[in-house]
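Q: Please model the complete structure; the sequences and the hints are all you need to start from.
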Amino acid sequence: MNIIDRRLNPRGKNLPNRQRFIRRAKQQILESVREASSRESLREDGDSRVNIRGDALEEPQFRLSPRAGTRFHIAPGNKRYVAGDRIPREEEGRGGAGGAGESGGVESFEFALDRDEFVDLFLEDLELPHLMKKDFQTDDQEKLERAGYQRTGAAANLDLRLTMRLSLARRIALHRPKAKEIEALEAELARLEEAGDVRAAEVAAQLARVRARHDRIPFLDPLDLRYRRFAFVPKPATSAVMFCLMDVSGSMTAAMKDLAKQFYRLLYLFLKRRYRKVEIVFIRHTHVAREVDEETFFHSTESGGTIVSTALREMIRIMEERYPVRDWNIYAAQASDGDNMPVDNHQTVALLRDHILPLCQYYAYLEVRQEDDHLSGMSDLWRAYQRLAQDGYPIAMRRVSRRNQIYPVFRQLFSPKTETEVPA
Amino acid sequence: MSAAISDDFLIRPHQEWSFYDLHRVFERLRPIAEGEFGLDLYPVQLEVISAEQMLDAYSSIGLPLMYRHWSFGKRFAREEALYRQGYASLAYEIVINSNPCLVYVMEDNSLLMQSLVIAHAAFGHNHFFKNNALFRQWTDASAIIPYMEFAKNYIAKCEERYGEEAVERVLDAAHALMTHGVDRCPRKKISLSEEEKLERERQMEEQRMLETLWGIPSRKRPASARAERQRLFSLPEENILYFLEKKAPLLKPWQREVLRIVRNIAQYFYPQRQTRLMNEGCATYVHYTLMNRLYEQGMVDDGAMLEFLHAHSSVITQPDYDHPAFSGINVYALGFAMMRDLARIAVAPTEEDRVWFPDIAGSGDPWSVLREAWANHRDESFIRQYLSPEVIRRFRLFSIADDGENDYLVEAIHDEQGYETLRWRLADHFDLARNEPQIEIVDVDLDGDRCLELEHRVIDGRLLDERSAKLVLGHLADLWGYEVRLAEIDAESDRVLRRYDAAPRRNRI
Chain A
1 MNIIDRRLNP RGKNLPNRQR FIRRAKQQIL ESVREASSRE SLREDGDSRV NIRGDALEEP
61 QFRLSPRAGT RFHIAPGNKR YVAGDRIPRE EEGRGGAGGA GESGGVESFE FALDRDEFVD
121 LFLEDLELPH LMKKDFQTDD QEKLERAGYQ RTGAAANLDL RLTMRLSLAR RIALHRPKAK
181 EIEALEAELA RLEEAGDVRA AEVAAQLARV RARHDRIPFL DPLDLRYRRF AFVPKPATSA
241 VMFCLMDVSG SMTAAMKDLA KQFYRLLYLF LKRRYRKVEI VFIRHTHVAR EVDEETFFHS
301 TESGGTIVST ALREMIRIME ERYPVRDWNI YAAQASDGDN MPVDNHQTVA LLRDHILPLC
361 QYYAYLEVRQ EDDHLSGMSD LWRAYQRLAQ DGYPIAMRRV SRRNQIYPVF RQLFSPKTET
421 EVPA
Chain B
1 MSAAISDDFL IRPHQEWSFY DLHRVFERLR PIAEGEFGLD LYPVQLEVIS AEQMLDAYSS
61 IGLPLMYRHW SFGKRFAREE ALYRQGYASL AYEIVINSNP CLVYVMEDNS LLMQSLVIAH
121 AAFGHNHFFK NNALFRQWTD ASAIIPYMEF AKNYIAKCEE RYGEEAVERV LDAAHALMTH
181 GVDRCPRKKI SLSEEEKLER ERQMEEQRML ETLWGIPSRK RPASARAERQ RLFSLPEENI
241 LYFLEKKAPL LKPWQREVLR IVRNIAQYFY PQRQTRLMNE GCATYVHYTL MNRLYEQGMV
301 DDGAMLEFLH AHSSVITQPD YDHPAFSGIN VYALGFAMMR DLARIAVAPT EEDRVWFPDI
361 AGSGDPWSVL REAWANHRDE SFIRQYLSPE VIRRFRLFSI ADDGENDYLV EAIHDEQGYE
421 TLRWRLADHF DLARNEPQIE IVDVDLDGDR CLELEHRVID GRLLDERSAK LVLGHLADLW
481 GYEVRLAEID AESDRVLRRY DAAPRRNRI
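Which chain is which? The protein sequence lines are A and B, in order.
Taking this note's numbering, I'd label the letters of the first sequence as residues 1 to 424.
Taking this note's numbering, I'd label the letters of the second sequence as residues 1 to 509.
It should be emphasised that the hints constitute simulated quantities derived from the structure, not laboratory data.
Each statement offered as a hint is correct.
Incomplete in silico selection of chain A near chain B, CB under 8 Å: (1) M1; (2) L57; (3) Q61; (4) L64; (5) R71; (6) F72; (7) I87; (8) P88; (9) E110.
By construction, the Cβ of each residue, glycine as well, lies at the ideal position given by its N, Cα and C atoms.
A: Structure, rendered in structure tokens:
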């Protein structure tokens, strides 16, 4: 008997099948994933359960109808029946009809999607507007990178490995006699001369030929030389910072904050997929603004008026201090119920237009409403921002009042066509 | 308890296994199995695998090499979810009908479980695969692994060349017809490997024949066309995949080859589907007797023997029909009971047995009776011949008739009048021919629209499930390339009960 330990075989043998399966069931998985995401918060890690119906996954075969015609069932464990008894249909229940377990219905089943699969499906075909810096052509953002080889260059850049490889290839191709061959001939000649053999002359001539060829073909030829080539390439900023601005004055209820939180989560997931490093800055404001940690940001309330410009000032300060534009891609998402001190609107717009929007990749404004609020019109802040958007600044704005709107709104904001869209 | 404990080897309860232990167990069992039981075995290759690999083996219908298809991913996802949630435990082993016989065992089995698995699969199933007539006739144990290697690579190459989705559409369609891709009567016996060589030539030849056929102007053909067409196309044909592979006009050569691969796999598994009861019964009976021999020889201590009995009895549990765990007849339970009963009849028959089994009752050689039964039967004929009143009584079997409307009628129970009926019904229950629709291709309309005509012979009014039938016919039409009609015809009265039509979808295949 042979025993083979297969446990060390590469794992994930089933992965290609799984990918095919997910592609096949994509529509249903997407529905399920999105439904799940509107119900519960996006978990930061761990797998997600997905329950899908088997329509697209059906594997039909010809089979006999479980209902038509006369069938006979055999079952074990008879305790009370004798031949000729009648058993009422209801009483039999589920399994009674021995072995006819298969029903004609469409199966549905649950399985686990891992984190990456989940996020990929969830954020599928969304794109970040202005993914990379537009103005990266300045000097200090270029860096030298290896860019192949060249035939001339500084001695310091000589690539020895490649040069020697080419040299070896050339020597082999041109049949350059090896040192060993020459040595062998010399030894042969010495032996023949000592013995006074007449063939010595012949060998001497051959040795001369070989030596000549050896000298004619150089060990290293200028042809072989290769130098490493460097080129300046623009350095894309691979880190992103995401500013979360939120109004925490009394008019923002917990439910509204929760909506904002959903949106920030999505944005974070999304940025994380695109950038190597993503940092988040939480700035909350009433009539004063402060940078806080996540917990405080979402959970503690403060009383006071609402002055949006304070938050923007704080953001500008932090940007200048910690996030130089040439190294960071800057994203900002502001959530508010639309309240602002009327006198402040002008200043807010000016700050955005002159200081923030030119530096941002993207600025999203999310106006959260009470769930039952269908009547109130546009807020002053909304109108002020709308003008900016109409002027072509990279600001996107949406209004939401229910959890299940968050995902569609997010999708709208980041679907490839929507860049700086002006809402109707 | 046996007194003699041979060398230092003793299986203790829940003991970890080592490779050396597995060898020793195998070498201990072999002389018993080959000598005393007279089993005839392929060489064994034992492969130790992890849980993930076991799930994977499950989901690719138990073959170690399989082409890629989403349905295997689906099965894996479902099994994994069930496993993780604790609804299902994994099998202890999987055994492949190949030469050498491949036995996959789970890494986290205890030494005792590994011994049980070796006894069950490496001896029981192995003997059955090698000796049962169906397997001998239909499968080529030494060719299956190389063939699957070929199939996997071939389909991977097709995916590269024609795109995953194009291949997937052909595979989906072929899978839908897989149950109707087997020959029930032998065509001719050549090995899979030989067939591969012959295949190219034959395909080109047939293609040429087909092209000529399509080219003949229709008015020159004799009027009594049906018989002639049936002859030309060798109809009726029950192997739908075979027919399509050879005669569907629009398929490309690689698509025919894909159909052929699916068909060959279906054929390979056909004997297994017909012998589940016997195969498991044989393996369970063999492991039970082998493990008892080990115990008698003092290689298994009392605790480990209890571990064995626990595992064994949970395998052969048969819940009653009204028990919540009931899900049909447990083939392990019934198979084991029948094998045990046969051995008993051979050694210690009752008067009743002498009446029912005059040939074998008291023959005194249980193993030759069993080997004979294992070699020459499939489930259906095995039950028809060997289901004894004793087993019927033990299981308290009863048969009910279900016409789909009225109350169920209890037709027979475990009494003198019932034995024959129960035997008959149970045999039918295991007869694939009765539980799968009998569908044949009967005609091809060459004059008109090249419509393919099929018939389903309806037995006892059992029509096709409508929803799935429509889906399958859609796939069939895609492969055929033209319309397809199916008539369900009552086998007794020749009355047409229902008709289906399906047209090929554009650009599907």
